[in-house]
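Engineer: Here's the letter readout for the chains.
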Amino acid sequence: MIPAGLTLEQAPPFGVPLRFFLTAPPFLLLAAGLLLWQGPDVFASRWLPATLALTHLLTLGFMAQVMLGALLQMLPVVVGVVVPRPRLTAALIHIPLTLGALALAAAFLGGGPLWFQGGAGLLGLGFGVALLAIHLALWRAPVVGSTVVALRCALGALLVTVVLGLLLSGFFAWGWRLPVFELTQLHAAWGLVGWTVLLVTGVAYQVVPMFQITPPYPVWLSRGFAPLLAALLAAWSTFAPIGWRVAANWMGTALAVGAALFAGATLWLLSRRRRKIGDPTLNFWRASMVSLLVGAALWLLTPWIPALAQAPQVELLLGILSIFGFAVAVINGMLYKIVPFLAWFHLQAQLFQRVKVPNMKQLLPDVCVRRQWWSYLAALLLLLAAAIQPRLFTYPAALALGVTGGWLSLNLLRVCRMYDRVSRSGPSSVA
Amino acid sequence: MSAPEILVDGRGLEPPEPMEWVLAALDEMRPGQRVRFLIHRQPYPLYDILRRYRYAYTVETRADGHFEILIAPP
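Protein sequences appear in the order of chains X and D.
Under this note's numbering, the letters of the first sequence match residues 3 to 433, in that order.
Under this note's numbering, the letters of the second sequence match residues 10 to 83, in that order.
Treat the hints with caution; some may be incorrect.
Derived DEER-like restraints, expressed as beta-carbon distance ranges [as the list claims (entries may be wrong)]:
{"id": "1", "chain 1": "D", "residue 1": "Gln51", "chain 2": "X", "residue 2": "Leu116", "range": "47 to 57 Å"}
{"id": "2", "chain 1": "D", "residue 1": "Arg61", "chain 2": "X", "residue 2": "Trp376", "range": "38 to 48 Å"}
{"id": "3", "chain 1": "D", "residue 1": "Glu14", "chain 2": "X", "residue 2": "Trp376", "range": "37 to 47 Å"}
{"id": "4", "chain 1": "X", "residue 1": "Trp49", "chain 2": "D", "residue 2": "Thr70", "range": "56 to 66 Å"}
{"id": "5", "chain 1": "X", "residue 1": "Leu134", "chain 2": "D", "residue 2": "Asp18", "range": "42 to 52 Å"}
{"id": "6", "chain 1": "D", "residue 1": "Glu14", "chain 2": "X", "residue 2": "Arg419", "range": "34 to 44 Å"}
{"id": "7", "chain 1": "X", "residue 1": "Val357", "chain 2": "D", "residue 2": "Glu14", "range": "18 to 28 Å"}
{"id": "8", "chain 1": "X", "residue 1": "Lys278", "chain 2": "D", "residue 2": "Thr67", "range": "55 to 65 Å"}
{"id": "9", "chain 1": "X", "residue 1": "Val145", "chain 2": "D", "residue 2": "Thr67", "range": "19 to 29 Å"}
{"id": "10", "chain 1": "X", "residue 1": "Pro144", "chain 2": "D", "residue 2": "Pro40", "range": "54 to 64 Å"}
{"id": "11", "chain 1": "X", "residue 1": "Arg87", "chain 2": "D", "residue 2": "Tyr53", "range": "34 to 44 Å"}
{"id": "12", "chain 1": "X", "residue 1": "Leu134", "chain 2": "D", "residue 2": "Arg39", "range": "47 to 57 Å"}
{"id": "13", "chain 1": "D", "residue 1": "Arg61", "chain 2": "X", "residue 2": "Gly147", "range": "48 to 58 Å"}
{"id": "14", "chain 1": "D", "residue 1": "Glu37", "chain 2": "X", "residue 2": "Ala233", "range": "31 to 41 Å"}
If you are wondering where the hints come from, they were derived from the structure by calculation, not from laboratory data.
Virtual Cβ for every residue (Gly too), placed ideally from N, Cα, C.
Chain X on its own, in the form it takes in the complex (with noise of 0.2 Å):
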């Protein structure tokens, strides 16, 4: 019998995902340079404009760059389903995305209606058809593990957290009348808890136990878990706005352990890797879940404590642990699996013995990883600091951000410039 999975005829061609993974690193530049322009006050309130363009620019620009591409790469090989005409249905998501961030940010920095009517246009079509794509793909797949659960509750999420998106631009854009608050509070937790935490959980089930040669997830906590959260959230959107006070609470809280319970468990099964070499990936993964479990510590604390209650900046910072702590760590991280990997994989399907193909470290040496790693951390730190003490730490903060976009920037075109190097070398048999 031969075994199915990934065959190099089902796996995209590498500009399909790369063209988002490259476009990704420049929005933390973009964002550094927001922040140098805006300075101090960004960190006054997450409500401001132009607090909201900075996370923008970090959740589209980069966040769903990746992940969009990622899931793109990631579908034939973990689900078995091939996306229909991958290059065509990549561009009309990667171009509106691109765009659709930018004009949002420029919305909410003074642009006025029109830039959001343009921005909801350009993010709802990019959206669209990443959803249309994605969701046809996980519906037929062959075989329904606890990944393609969790994928589909992340992709339901990202359908809540888009529609949410779409009204609260259907605000500035058209002036409906909203309550603007509540949505707000809706779109963040589904993109964020919903969306975010579920997509990270469900590819953790696969690349944590395969990358970092840990044992897999107790079987607790992968099945059911997803589903699980996923209710939890809508059960949470259901309480909160019709004033069901108590209840919301608990769902809350509820949600706070299952994200603390799964960052504690992968930092557990991280600690009981079966491989004693150090991995400069495994960083990322730590600074990620620490993050996350930070951030829900702090979430469950808040109440409690009336100095925390009242502070301003706690919003400031589980947006911070969230975004930047949790979400752009494990990104980051993958990044530099995924790029060179791919590169690798293509060559070899090109060039197998016609030409030396450079192997993994050749194409990225672990050094690059480790020192863009520290400027990462950095930023973390720094910006986590600003948002406490932003008159002392915005512009630090801002200059750390710009230097690890820059230099994970720098770090991917080198794997890609050693590709085209290589591919040119040889024969092409692989398109």
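With the hints as your guide, set chain D onto chain X.
Structural biologist: For chain D alone, kept in the frame of chain X given last:
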């Protein structure tokens, strides 16, 4: 006189090191030689390359859960 078999033990290595090693072994393989590849999970991408380049191979699952793939030249 080369050994009849090249043994590649990829168990517990981080992807794609096992694949890098086994492809290097296939490059070195002389006529009449075979490659025995031990690995802790199903190496799906390898099967595709083996089929594409017409290598003959058999897959066996061992009691401790690892896979043993015996590869002969095309």
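Engineer: Hints first: check each against the structure and report whether it holds.
Structural biologist: Going through the hints against the structure:
D:Gln51 and X:Leu116 have their C-beta atoms about 54 Å apart, which keeps the hinted 47 to 57 Å range intact. For D:Arg61 and X:Trp376, the Cβ-Cβ distance of about 42 Å falls inside the hinted range of 38 to 48 Å, so the restraint holds. Take D:Glu14 and X:Trp376: their Cβ atoms lie about 45 Å apart, and the range 37 to 47 Å holds. Judged by the Cβ atoms, the range 56 to 66 Å given for X:Trp49 and D:Thr70 holds: they are separated by roughly 58 Å.
For X:Leu134 paired with D:Asp18, a C-beta distance near 45 Å keeps the hint of 42 to 52 Å intact. Roughly 39 Å separates the CB atoms of D:Glu14 and X:Arg419, a value that falls within the hinted 34 to 44 Å. For the hinted restraint 18 to 28 Å between X:Val357 and D:Glu14, the CB-CB distance of approximately 27 Å keeps it satisfied. Against the hinted window of 55 to 65 Å, the Cβ-Cβ separation of X:Lys278 and D:Thr67 comes to about 33 Å, which falls outside the hint.
Between X:Val145 and D:Thr67 the Cβ separation comes to about 24 Å, which falls inside the hinted range of 19 to 29 Å. Hint check: X:Pro144 to D:Pro40, Cβ distance near 40 Å, so the stated range 54 to 64 Å is violated. The beta-carbon spacing between X:Arg87 and D:Tyr53, approximately 24 Å, falls outside the hinted interval of 34 to 44 Å. Restraint check, X:Leu134 to D:Arg39: a C-beta distance of roughly 52 Å satisfies the suggested window 47 to 57 Å.
A beta carbon spacing of about 27 Å between D:Arg61 and X:Gly147 contradicts the range 48 to 58 Å that was offered as a hint. For D:Glu37 paired with X:Ala233, a C-beta distance near 55 Å fails the hint of 31 to 41 Å.
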